[in-house]
Amino acid sequence: MSFRMFRNTALLFCLAFLLCAAGRVAAQPHSGPGSALSIPQSALMQPAELNQMLQSGAAHKLVIFQVGSHMLFGEAHIPGSVYAGPAAEDAGLQQLRARVEKLDRGTAIVIYCGCCPWGHCPNIAPAYHLLHQMGFTHAKALYLANNFGTDWVNKGYPVAQ
Amino acid sequence: MRSRSLKPVVLALALLLLPGVVVAGRTQHAPQESLIGKKAPEITRTDLQGKHLDLASYRGKVILLNFWATWCGPCQVEMPVFADWQRRYGTRGLQIIGISMDDDVAPVRKTVSRLKINYPVAMGDDVLGRRYGGVLGLPLTYVIDRHGVVRGRFQGETEPKAIEKEILTLLGTPQSLPAAYSSMMSADPSGVSPGRR
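Listed in order, the protein sequences are those of chains C and A.
Counted from 1, the first sequence has number 48 at position 48 by the working numbering; the numbering is strictly sequential.
Counted from 1, the second sequence has number 33 at position 33 by the working numbering; the numbering is strictly sequential.
FYI, nobody ran anything at the bench for these hints, they're computed from the structure.
Source: prediction; values computed, not measured.
Computed beta-carbon distance windows for the label pairs:
1) C:K102 with A:Q49: 44 to 50 Å
2) A:P107 with C:M134: 25 to 31 Å
3) C:P79 with A:E159: 34 to 40 Å
4) C:D104 with A:D54: 50 to 56 Å
Computed footprint of chain A on chain C, listed as stretches where at least three residues anywhere in the stretch have a Cβ under 8 Å from a Cβ of chain A:
5) 119-128
6) 138-148
Derived EDC-like pairs (lysine to aspartate or glutamate); straight-line CA-CA distance at most 20 Å:
7) C:K61 with C:D104
8) A:K110 with C:E89
9) C:K155 with C:E49
10) A:K61 with A:E42
11) A:K110 with A:D84
12) A:K110 with C:D90
13) A:K116 with A:D47
14) C:K155 with A:E33
15) A:K51 with A:D125
Note that CB positions come from ideal geometry on N, CA and C, so glycine has one too.
Bound-form chain C, shown alone:
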C-alpha cells in the first residue's frame, strides 16, 4: 500500500469516527445550564407526590405552570395548571415572568413540561432557573422521566383537556 493510499484510508477512518461521534453527541442528553439535569434533586417533585396533593386537596396551595408547547397543553394538562409558554423561547420565559411577578416569593410553585425525555427537555430548566433567580424559594420541577403521557396520563393521574 502506498503512503498516499494509507493516508487517504486513515483520513476516511477519522472522518467516519468524527461523524459517528457527532451523531452520538447530538443524541446525548444536554448537561449544560439549560439542561434539566442542572436542576438540583432537592427541587424535583415526583408525579406520585403531586397526584397525592391533588387528591387530598392540598394542591390548592400550589400554583402549577405548564412551560411546554401550547399544543401539548391543549391535548392534556394537569387540572388547575396554567399555560405559561415554552420556556426555551424568550417569549415563553417572559410570559412565565409576567405570570409570577406579583406572587409572594414564598409561594409554592410547580412547573412541568413532559414534552420529551427529561434530559432532552428544553423548557423545564430555563423555567426553573428563572424562578430561582427571581427569588422563589418553593419552586419545584415535576420530574417526568419520559414524558407527560407515560409518567402522568398512563399512571391514571387526573388530566384536563
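For this one, chain C is given, so just place chain A on it according to the hints.
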C-alpha cells in the same frame, strides 16, 4: 302550583350537578388509548408544500408516521435516518409522513429544509394528537401496515434498528404482499407475465 314549587329544587339540583358534569367532561383518569391492531385514524391535511395529504391515499404502502417538533432533540436525530429509509425503501413500498407538533410553522419549515427531509410533513394539532391516543411526549412514531392497521408504536428515544426491523417485516418480500396488492402491482395489460416476456 306543583310545578312552581318544584322549580327551585330542579334549579338547585342543576346547579349542584353542573360542575360535576363539566368536570366529568373535561377531567379524566384514563391511560392513553392503544391503537395497536386498530385502523389508523384518518389524517387529512395540507402539507408544507401546499399539497393535499390524505393518509388513506397511501393504502397499500407501509407507513411510518412520525410525530415530532423542532424543540425535540431526539426527533432531529432520527429524522435524517427516516429520510435515508425513504430513499432506500421507498421503492419497496415505504412511505414516511411527518407531523409536526410545533405551535408555529416557521421553525418547522427551517428544520425540514436544514435536515433535507424528503417526505411529506404537515402540521398537527391537539385534535389529531388526541385521535392518535394522545401525542404527549416526543418523538412518537407509528408503523402502519399496507391495510392501514397500526402495527407498531415507538415513543421516546428509540433505537432506529427496532423501528427498521418492524418496517422490514411489514415490507416483506414481494411474495408476502397482500394478494390484492400483488395482483395490482403485477397487472399487465398484455396479459403476459413479466417472467415470460
